[in-house]
Every structure is written in structure tokens, then in C-alpha cells.
Amino acid sequence: MLETININFWYGAFHALKDISMKIERNTVTAFIGPSGCGKSTFLRLFNRMNDLIPDTHLTGECLIDGKNIYSKTVDVTGLRKNVGMVFQKPNPFPKTIYDNVAYGLRVDGESNRGLIARRVEESLKSAALWDEVKDKLKKSAFELSGGQQQRLCIARALAISPSVILMDEPASALDPVSTSKIEDLIHTLKRDYTIVIVTHNMQQAARISDRTGFFMLGELIEFNDTKKVFLNPDREETQNYITGRFG
Amino acid sequence: MNRTAEKLAESLLTVSGTTTGIVILLIVFFLFKEGAGFFHHNDVEAGYALCVNGENAVKNLSSGQIKDIFDYETGNWKEVGGADEEIVPFRVSDIINMYQEAELGENYVLLPEKIGETIAKTRGIIAFIPVQYLPESNPEVRVLESKRLNPSDFFMGKDWMPTATPAPQFGLLPLLAGTLWVSLFAIIIALPLGLGVAIYLAELAGERTRNLLKPAIELLAGIPSVVYGFFGLVVLVPFIQKIFDLPVGETAFAGSLILAIMALPTIITVAEDSIRNTPQSIREASLGLGASHWQTICRVIIPYSASGISAAIVLGIGRAVGETMAVLMVTGNAAVIPHTLFEPVRTIPATIAAELGEAPAGGIHSGALFVLGCILFIITAAVSVGAELISKNKYKNI
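In order, the protein sequence lines correspond to chains A and B. Under our numbering, think of the first position of the first sequence as 12, with each following residue one higher. Under our numbering, think of the first position of the second sequence as 58, with each following residue one higher.
Hint data in this document are derived by calculation from the structure and do not stem from the laboratory. Certain hints may be false.
[Claimed, not checked] Covered by chain A, according to a simulated footprint, are these stretches of chain B (three or more residues, beta-carbon under 8 Å):
#1 339–348
#2 354–368
[Said to hold, decoys possible] If you anchor each label on the Cβ, the simulated ranges turn out as follows:
#3 His396(B) x Lys101(A): 51 to 59 Å
#4 Asn19(A) x Pro281(B): 55 to 63 Å
#5 His69(A) x Phe296(B): 49 to 57 Å
#6 Glu67(B) x Gly90(A): 55 to 63 Å
#7 Glu155(A) x Asp330(B): 22 to 30 Å
#8 Arg267(B) x His26(A): 27 to 35 Å
#9 His26(A) x Asp330(B): 33 to 41 Å
#10 Ala185(A) x Arg60(B): 36 to 44 Å
For every residue, glycine included, the Cβ atom is placed at its ideal position computed from N, Cα and C.
Let the sequences and hints guide you as you build the complete structure.
Structure below.
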């Protein structure tokens, strides 16, 4: 379970997230929507401490995963990231073979059992609905795949280390409609085993795939509720305006 | 109007591109043509001939054998396939010891005759004489046939004595060994150091440190090589001599060190740029999978920037192989095949620089220096083609 309590976040002097509290249940799909620059990606990246890479940032509040504050000093960041996988906006496979891409997380974790790695690679590629397309060219470079395949490879890569949470930062925004629908189907099936948090610009997508939706604007969480409720009968006027396309 | 200007600019660029290409090809062609000319020379100096007594069974001698004979290292004809007879090397100047000046006639007109007499009466003689004094009419004098230079003597030769008479020695091996030896160790020193600094600057150093260090390192690349050579001569050479307790400090090791220092800025700058150009998304992907910073550097960033790093290596090796002045100043320039790092060596570029001034144009010596130039060219070309192939093969899809 993910939970944030009064999160505030600054890029330098810019106050990017304002007092955000939220609870995300296990094995659900949660979508974050909102206009560009509203802080939804920043918020997503808090959960695996990706924002640590950006210099001159500052955070207050608590961010809990299964009750533990992941920003406490004793937390092992690499261990956290193994538990919280991430899929990025643009497919970003490593300059390695398809097989080595998926095996990467296991290998950096010190796994050296080849049989186990091979099994995990196959399972992950199957879970990511990519196995049938690549099983004959596992030793080929990942760059030979199409954009959609590369993105599913990145999902498989994240699955290989058995995380409990998967963060997706606009995973389909660089893809064609066919690839996008494949990724959406995939998210549906992954929900059984993983907690998924997804940032998307595409409101139909949010409506199609998520159980709960959070609407962000100017660094504030305006509304967070069941997806149906947010799209059909939002509590707040800003949400209504945004989803009906009056701004944003 | 605009259209014409564009067309003009395009054609200007095309012309300049083509001209540059042609000039480069012409330079290479010229180099190899001059180099090939070397192998049309004979092994005995032009304008001279070697003569033996008519009864001598030896038909011809290799240039190495000739050299050994005139160095008094070979003393008996049977060592070179003749009868058991002591060899008597003879140069024209020796005639002065045998005859009074008056006996040689006015303007030395009688010199050929006297030389003929001398050769006829000394069975073991081998005489090195200018062709104009050749006693051609004397039946007891046989002129040894002089041969074309043998390429294998050049490429396998172990002596570089370009001004030896009567047979100059052009053996590539000591120079090639010197060049490779010095360059190899320079690269062995510079590569790990350079890559280490590049990784440090790109990944670990703070903004402040980098802003200070990087311009300083780039500044090093602009220092003229004579200055490095001077530094090497004054500081490094005595230091090495003292530390390793050597008879001389001018050694291959000093050359390697200087070269390493000179190659470092190039290696660092090029490698650092390529490491910094690794996309942020790739780093995030690796860190997002729970890899540590160090694992990310080793497993993702370095492979990703492999082509830039190999470019850095090639530029470094290129600098090391081709560097002339600094090496000339600190390596001691003994054309001997080195066995350890702590012996004087002589590199190919240093040889060209040191000897071209005293080699008559079009002569055998300058021809030999051109062949050295060709070999240097081939080495550097091979290195860059090799690096290209390696980086292409391994990461052909980036």
C-alpha cells in the first residue's frame, strides 16, 4: 500500500507539489491526470526516489510504502527501487540484447544462476506479452524492436525483478494506437499481481484502465476518487472543466 | 537571387570537399611513391663498386655481410662461402699507404692501374672504390655484382645504420620495436588513468570541481610538444635515472611517461564528452531497476559511450605513435631493439625528424625515411580502422 502524508516538494524555489496526501490500495490501477506541469510526474517519481537524481530539490512530508517511510535515512534506495519498478515515457532499452535487457535487474542484484535468470526472462517477457514476438531473437539488439515492442520490453525488464509496485510515466504517449492498446491490455492483466500507478495525458486512457483517478493542477491534488466518479460526477468544478476539455 | 546564392554556396562546398579529398589522396600517393623508390636502390652506395681478386670464388655478398666485413667482424672468406683466406678490406684511401703520391701520376691518372695491381696481388682483398677509378681492363679484378635492396632485409633487418659505408643498413625492426614499445606503454599508462579521470569528471565530480578541472585539462592539450620534451628532459629523465639507478635516464620509459601525459588531455576530453552524452533516460532506467550508481556506470554508461571511448583511445594512440619532438628529446635515440623499458630506444617519427635534414634528397637514405613514413601511416590507419570495426561490431545498433 502506498501512502503520502502532507507531501511538499520544491525544485529550487519552485513549489512543485503542495501538501499532497493520498492512499493507494494494493493491486489497483491508479491514474494521475492533469495539465502539463501540474506535478503529476514529479509526484509519481517520489515513490521510487527518482527525484533524488535532480540536484537542488527539497521535500517535506512522509511517503510510506507498506507503512515504512521511504525517505527515512535508513532506507536502502537500491532496495526500494527493486521493489518499485518504473516504466518511462519514452522506451529506453539498454544498448544490449533483448535477453540482457530483461536480465539486467537480476544481474545487478547479484543473481548468477543462469537457469533462474533464463526462467525469469521468459516469464517476464510472457507477462509483458512480448515473448511470442521475440523468443527467436533474444540475442538480437533491443534496438531492432519497434517502439511499442521496446516499451513492452521495458515493462518486462521492470517485471523481471518482481517488484510489488510499478510506476508508469505516460508509457504510451510515444506509441501508435495499436501498441497503446496492447500496453493497456497488459496493464489490465498486470493488475492482478502488481500495484500500478500511471501518469497519463490521455483521459480516455485513464478512464479505460484505472480504478481510481487523481486530478492534479498547479501542484495540488484537486480530486482523488474512483475513476467512474471522477469522470462522470466530479466533486470539483476544476475537474469538470478539465475532463470536458474546457482547459488544459 | 537567393537561389543563385544557395547554388553558389553548394558548389563552393562541393569543390572544397573534393579538393581536400584529392589533396589527401595525392599526399598518400606521393608518400608511397617515394617510399617505393627506396627499393629501386642498390645495396652498395651509388657511384661505388666492390671488387675482389679474380680467383675469389665468392660471387655476391649480402649487405649485412658487406657491413660485417668492413667492420672487421667477418675475417675469413670461408665465413661467407669462399675459400679459407683472410679477408683484407680495402678502401681507396688505403692506397696512400702503399704508393708515393708521385707514383699515382698527375690528377691520379694512374690510380685505377695501381688499384688493379693491388687487387691482383692480394688474394683475400675486397676493395671499395669509386666507379671512376675502377680498373676495368685488369682481368684479375672482378667487380662484385651489386644487388637491389631486398625488402626482407628492410623489414626484418636488425640494424639501422643509414650512413654506414660501403653498405648502409636499413633495418626496420629496432625503430618499429621502439615505436610500438614506447606507444604501448604510453597507452597502458594513459588509458586507465584517462578513462578514470573522464568517469570521475563526468559522473562523480561536483559541478565546481568539473568547472575547474576541465578547462585546466584542456589547456594541457595546447602545450607545444617541445615544452613537454623539455620538461621530460629536465625533470623526468634525471628523476628516472635516480629512482631506477640507471646509467642513463633517457629511456623508453621516459618516452612512455611523456607520451602518456601528452595523450591524457585528448583521452579525457573525448571520453568525458561521450560519457556525459549518455541520455538521462538510460541512467534512470538502470537506477530504476535497483542498480547502484557504480553498476550503472560500468554496465550501461560505459557500453553506451563505447564508440566515444574508442575514439578517445584511437586519438590517444594516434598521438602516441606519431608524436615526434618530445620523444626525440627523452628516449635517447639508440636504434637498438629494446628488451626492457629502461633502455634507450628510437622511434620512427624521431628517426625521420632527426635524419631527414642530413639525407640527400632522392638518395637511398631519404627513400628509407619515406618508407618509415609509409609504415607510420599504415600503423595509424590500422589503429583507427580497427577501433571503428570494434565499436561497430559490438554496438552496431546505437
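Go through the numbered hints given earlier and state which of them the structure violates, listing their numbers in rising order. Of the numbered hints, all hold.
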